[in-house]
Amino acid sequence: MNSSTELTDLFNSLDQAAMLKLAMIVFGALVLIIISQRALPWLANRLHGSLRHFLLASVPLIRLLLVVAALILTVPIVIEPSLRNMVTILGAVGLAIGFALKDYASSLIAGVVSAFEQPYRPGDWVEIDGHYGEVMNVGMRTVALVTVDDDYITVPHLKLWSSAVRNANNGTPTLQCNASFYVHPEHDMSRAREALESVAMTSPYLCFDEPVVVVIREEIWGTKYTLRAYPVDPRQQFRFVTDLTARGREALTRAGARPLLPGSLALESIWTNWS
Amino acid sequence: MDEGNSSAPGPWHTVPIEEYTLPPDARTNLVKKRWKALRQRFSGEDGEAEVFRAEADLRELPNVRLAHIVPPIDWSSAARSLAQAFSEVTQGGILKPGARSSKSEDTTPWFFVSQPYCDHGSILENWAAEHHARVWQPPGTEQILNGDSAWLETLPKGNGQPWVLPALERCFFRHANGLDLLRGFMERALSGEWGPGIIGCDSWAFAFVQRIFPLTGAPAMTLQAFDGPMLADYFVRGRTTPASRNQIRFFSARSGEPLVPDETQDAYASTGAPSGDEQDLPEFRQLAAHCQGNPGLAWHYWRKQLRSEPETEQQDRAEVRETGGTTQNTDGPGSSDNVWVAQDVETPPMPAETDEDVAFVLHAILLHRGLTTDLLTLLLPSPRARIASQLLRLQALGLLTRDGERWQVAPLAYSTVREFLRVRRYLTDAF
Numbered sequence: 001m002n003s004s005t006e007l008t009d010l011f012n013s014l015d016q017a018a019m020l021k022l023a024m025i026v027f028g029a030l031v032l033i034i035i036s037q038r039a040l041p042w043l044a045n046r047l048h049g050s051l052r053h054f055l056l057a058s059v060p061l062i063r064l065l066l067v068v069a070a071l072i073l074t075v076p077i078v079i080e081p082s083l084r085n086m087v088t089i090l091g092a093v094g095l096a097i098g099f100a101l102k103d104y105a106s107s108l109i110a111g112v113v114s115a116f117e118q119p120y121r122p123g124d125w126v127e128i129d130g131h132y133g134e135v136m137n138v139g140m141r142t143v144a145l146v147t148v149d150d151d152y153i154t155v156p157h158l159k160l161w162s163s164a165v166r167n168a169n170n171g172t173p174t175l176q177c178n179a180s181f182y183v184h185p186e187h188d189m190s191r192a193r194e195a196l197e198s199v200a201m202t203s204p205y206l207c208f209d210e211p212v213v214v215v216i217r218e219e220i221w222g223t224k225y226t227l228r229a230y231p232v233d234p235r236q237q238f239r240f241v242t243d244l245t246a247r248g249r250e251a252l253t254r255a256g257a258r259p260l261l262p263g264s265l266a267l268e269s270i271w272t273n274w275s
Numbered sequence: 001m002d003e004g005n006s007s008a009p010g011p012w013h014t015v016p017i018e019e020y021t022l023p024p025d026a027r028t029n030l031v032k033k034r035w036k037a038l039r040q041r042f043s044g045e046d047g048e049a050e051v052f053r054a055e056a057d058l059r060e061l062p063n064v065r066l067a068h069i070v071p072p073i074d075w076s077s078a079a080r081s082l083a084q085a086f087s088e089v090t091q092g093g094i095l096k097p098g099a100r101s102s103k104s105e106d107t108t109p110w111f112f113v114s115q116p117y118c119d120h121g122s123i124l125e126n127w128a129a130e131h132h133a134r135v136w137q138p139p140g141t142e143q144i145l146n147g148d149s150a151w152l153e154t155l156p157k158g159n160g161q162p163w164v165l166p167a168l169e170r171c172f173f174r175h176a177n178g179l180d181l182l183r184g185f186m187e188r189a190l191s192g193e194w195g196p197g198i199i200g201c202d203s204w205a206f207a208f209v210q211r212i213f214p215l216t217g218a219p220a221m222t223l224q225a226f227d228g229p230m231l232a233d234y235f236v237r238g239r240t241t242p243a244s245r246n247q248i249r250f251f252s253a254r255s256g257e258p259l260v261p262d263e264t265q266d267a268y269a270s271t272g273a274p275s276g277d278e279q280d281l282p283e284f285r286q287l288a289a290h291c292q293g294n295p296g297l298a299w300h301y302w303r304k305q306l307r308s309e310p311e312t313e314q315q316d317r318a319e320v321r322e323t324g325g326t327t328q329n330t331d332g333p334g335s336s337d338n339v340w341v342a343q344d345v346e347t348p349p350m351p352a353e354t355d356e357d358v359a360f361v362l363h364a365i366l367l368h369r370g371l372t373t374d375l376l377t378l379l380l381p382s383p384r385a386r387i388a389s390q391l392l393r394l395q396a397l398g399l400l401t402r403d404g405e406r407w408q409v410a411p412l413a414y415s416t417v418r419e420f421l422r423v424r425r426y427l428t429d430a431f
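As given, the protein sequences belong to chains G and P, one line each in that order.
Okay, so the first sequence: first residue is 1 according to this note's numbering, each after it adds one.
Okay, so the second sequence: first residue is 1 according to this note's numbering, each after it adds one.
Same shape as in the complex, but just chain G (with noise of 0.2 Å):
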């Protein structure tokens, strides 16, 4: 009997005003995330660069501090915030999610991590968990990709703690993008070279701020072309790659490298998972 009481005196009486109170907080807090969440990520795509990006990864941010700001505003009327209320309510709250919540409320925690660190950001390509995706929203649990086949997918924060994060633009406008091309070992390689560079320098999806690298490799199979550029907008990567391929193989065979047969690709599979 006693320790019901001393439980129910750690919570202050909840009239109407205080009610009200709570409303009018819990209200506004969701509404400003609503706004920030609708807003934001709208404006955004109406911009381009750094500019975009830049407001995406300001989305989870912001609703972070939406939420501590609401917590700070309703903790003082529901309880009074001394240090022995505090210490039993937080030791009451961390068992019960130790025991019963504990991946979500891991997962809650990420989301905060990720908010500060920033691993992913809305608009940001990553590869989390085998997935590579544009991230579409960063949520308090999980976050959303949509993936090239147009998959929408949700992982959870959690993954933060155990798997790596491959983000190919880190909140920026810049995304290195590979072409590559196998070709019979007998040719002309600053020919060849030229020609891929003149490839990557005519494709109109390339971005002139960020460098163009032929990367060459002898294999036991032949020799491989990487042609690594930068497209305007990460967006257009696939097709930036696919134009490069086009145009790339078309330039090669002029320049007199020779595609290597399928049965020699295999090889190149062989030689991997040999070496």
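If you're looking for bench data, these hints aren't it; they were derived computationally from the structure.
Beta carbons: idealized from backbone N, C-alpha and C, even for Gly.
Treat the hints with care, since some could be wrong.
[Said to hold, decoys possible] Straight line, CA to CA, 25 Å or less: simulated SDA-like cross-link-like pairs of lysine to any residue:
1) P:Lys32 <-> P:Ala410
2) G:Lys102 <-> G:Asn137
3) P:Lys33 <-> G:Arg52
4) G:Lys159 <-> G:Arg141
5) G:Lys21 <-> G:Ser36
6) G:Lys102 <-> G:Glu117
7) P:Lys32 <-> G:Leu51
8) P:Lys32 <-> G:Arg46
9) P:Lys32 <-> G:Ala44
10) G:Lys21 <-> G:Leu32
11) P:Lys33 <-> G:Leu55
12) P:Lys304 <-> P:Ile69
13) P:Lys157 <-> P:Val135
14) P:Lys32 <-> G:Ala39
15) P:Lys32 <-> G:Gly49
16) P:Lys33 <-> G:Leu43
17) P:Lys33 <-> P:Tyr20
18) P:Lys33 <-> G:Leu51
19) P:Lys32 <-> G:Leu40
20) P:Lys32 <-> G:Leu47
21) G:Lys224 <-> P:His175
22) G:Lys21 <-> G:Leu65
23) G:Lys102 <-> G:Arg141
24) P:Lys33 <-> G:Leu40
25) P:Lys32 <-> P:Leu427
26) G:Lys21 <-> G:Val31
27) G:Lys224 <-> P:Asn177
28) P:Lys33 <-> G:Phe54
29) P:Lys32 <-> G:Trp42
30) P:Lys32 <-> G:Leu55
31) P:Lys304 <-> P:Ala342
32) G:Lys224 <-> G:Arg254
33) P:Lys33 <-> G:Ala39
34) P:Lys33 <-> G:Arg46
35) P:Lys157 <-> P:Asp180
36) P:Lys304 <-> P:Ser252
[Stated by the list, open to error] Here are some of the chain P residues that sit facing chain G, going by a computed Cβ distance under 7 Å:
37) Arg174
38) Ala176
39) Leu179
40) Arg211
Given the coordinates of chain G, assemble chain P onto it according to the supplied hints.
Positioned in the frame of chain G, the structure of chain P alone reads:
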């Protein structure tokens, strides 16, 4: 346009490209333009200031009268400033120190880069005619695409006589097969094989060529930007010289005040020379800033800004009919003709939904200073039908015009298009 002294280059100055200076208000104007574009994008509003004369009440000038008041730019004056710069280059001293060795200055060519709508081809052809220089014609489309070095062999070896290639942008295509001839030409020209000469190039093409064939140390000259007083001098003085039978006075539709103070205009009319006083000419300052100092672009804007009273327009038409198409002023010398200058010119907006095809088409057209539909189909990764439909759509919006077979960016749309491409990180010119 009457320049007064025929041997002086007038307001034209050819300077090294690094010394190109934007008009004083250009940056502020750019910020204002971006703010206006942003406001229009999100609100659709276009807040207009109160004006003295409602521009809707005024009428655009008929073409005949417009041709009289704003005749085409005479690029021969610009050619004279080029000649002056060329002689200074050959004597040494105008180029940046260390740009190149004095020995190579005699034998290697330099670049004359001009912004869109500044006709570098005409300037260089004028210069070539005055200096008995050989004018080289660009190769044909097939020659460029086949990398046909026969064109290079047709260019005569250096014998001390200067040469001119008026349009480098006609010597390449942004296509994997369209750059070999350009590289070959640049290599041989810059090695001094053909002796001293001038290579004319559009500023957008020049930006691209520098990525294909880095021009470290190669001197590049351009026309210096026109500021407000220079534009006033050029557009107003030419209409109020003593030789003009009818003095034209320009009034601001916003304030109702004369654009150029009466005493200055009287000084033009009596002496044919500017008064020399530094004056505040807000309309011309704004025009210079809006056009980033590009006189060719300013010419198009200025023509579009001029208005007349509806009754004056009817009178003009009657006069044109009576005189069989030519304007004949019935008043004697010293009488004046009032022309209103609109505050702002309506520029064609970019379409609300702009996919990457639109950017590709506009960018390709600017890089090549105009392309045909066939060439666009060759250079872009879109099917012909889609390109053709985009071209017609952009033409309907007033963003493109057709010059024969070639599509060009409309002058009044140039600033919008440039900004559209710049924010999307496409390669733009250096101006």
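Hints, one by one, checked against the model:
| no. | hint | result |
| --- | --- | --- |
| 1 | P:Lys32 <-> P:Ala410 | holds, 22 Å |
| 2 | G:Lys102 <-> G:Asn137 | holds, 23 Å |
| 3 | P:Lys33 <-> G:Arg52 | holds, 20 Å |
| 4 | G:Lys159 <-> G:Arg141 | holds, 11 Å |
| 5 | G:Lys21 <-> G:Ser36 | holds, 22 Å |
| 6 | G:Lys102 <-> G:Glu117 | holds, 22 Å |
| 7 | P:Lys32 <-> G:Leu51 | holds, 18 Å |
| 8 | P:Lys32 <-> G:Arg46 | holds, 19 Å |
| 9 | P:Lys32 <-> G:Ala44 | holds, 21 Å |
| 10 | G:Lys21 <-> G:Leu32 | holds, 16 Å |
| 11 | P:Lys33 <-> G:Leu55 | holds, 22 Å |
| 12 | P:Lys304 <-> P:Ile69 | holds, 12 Å |
| 13 | P:Lys157 <-> P:Val135 | holds, 13 Å |
| 14 | P:Lys32 <-> G:Ala39 | holds, 24 Å |
| 15 | P:Lys32 <-> G:Gly49 | holds, 20 Å |
| 16 | P:Lys33 <-> G:Leu43 | holds, 19 Å |
| 17 | P:Lys33 <-> P:Tyr20 | holds, 21 Å |
| 18 | P:Lys33 <-> G:Leu51 | holds, 18 Å |
| 19 | P:Lys32 <-> G:Leu40 | holds, 23 Å |
| 20 | P:Lys32 <-> G:Leu47 | holds, 17 Å |
| 21 | G:Lys224 <-> P:His175 | holds, 23 Å |
| 22 | G:Lys21 <-> G:Leu65 | holds, 20 Å |
| 23 | G:Lys102 <-> G:Arg141 | holds, 12 Å |
| 24 | P:Lys33 <-> G:Leu40 | holds, 23 Å |
| 25 | P:Lys32 <-> P:Leu427 | holds, 23 Å |
| 26 | G:Lys21 <-> G:Val31 | holds, 15 Å |
| 27 | G:Lys224 <-> P:Asn177 | holds, 22 Å |
| 28 | P:Lys33 <-> G:Phe54 | holds, 22 Å |
| 29 | P:Lys32 <-> G:Trp42 | holds, 23 Å |
| 30 | P:Lys32 <-> G:Leu55 | holds, 22 Å |
| 31 | P:Lys304 <-> P:Ala342 | holds, 8 Å |
| 32 | G:Lys224 <-> G:Arg254 | holds, 17 Å |
| 33 | P:Lys33 <-> G:Ala39 | holds, 24 Å |
| 34 | P:Lys33 <-> G:Arg46 | holds, 17 Å |
| 35 | P:Lys157 <-> P:Asp180 | holds, 20 Å |
| 36 | P:Lys304 <-> P:Ser252 | holds, 14 Å |
| 37 | Arg174 | holds, 5 Å |
| 38 | Ala176 | holds, 5 Å |
| 39 | Leu179 | holds, 5 Å |
| 40 | Arg211 | holds, 6 Å |
When the structure is compared with the earlier hints, no violation turns up for any of them.
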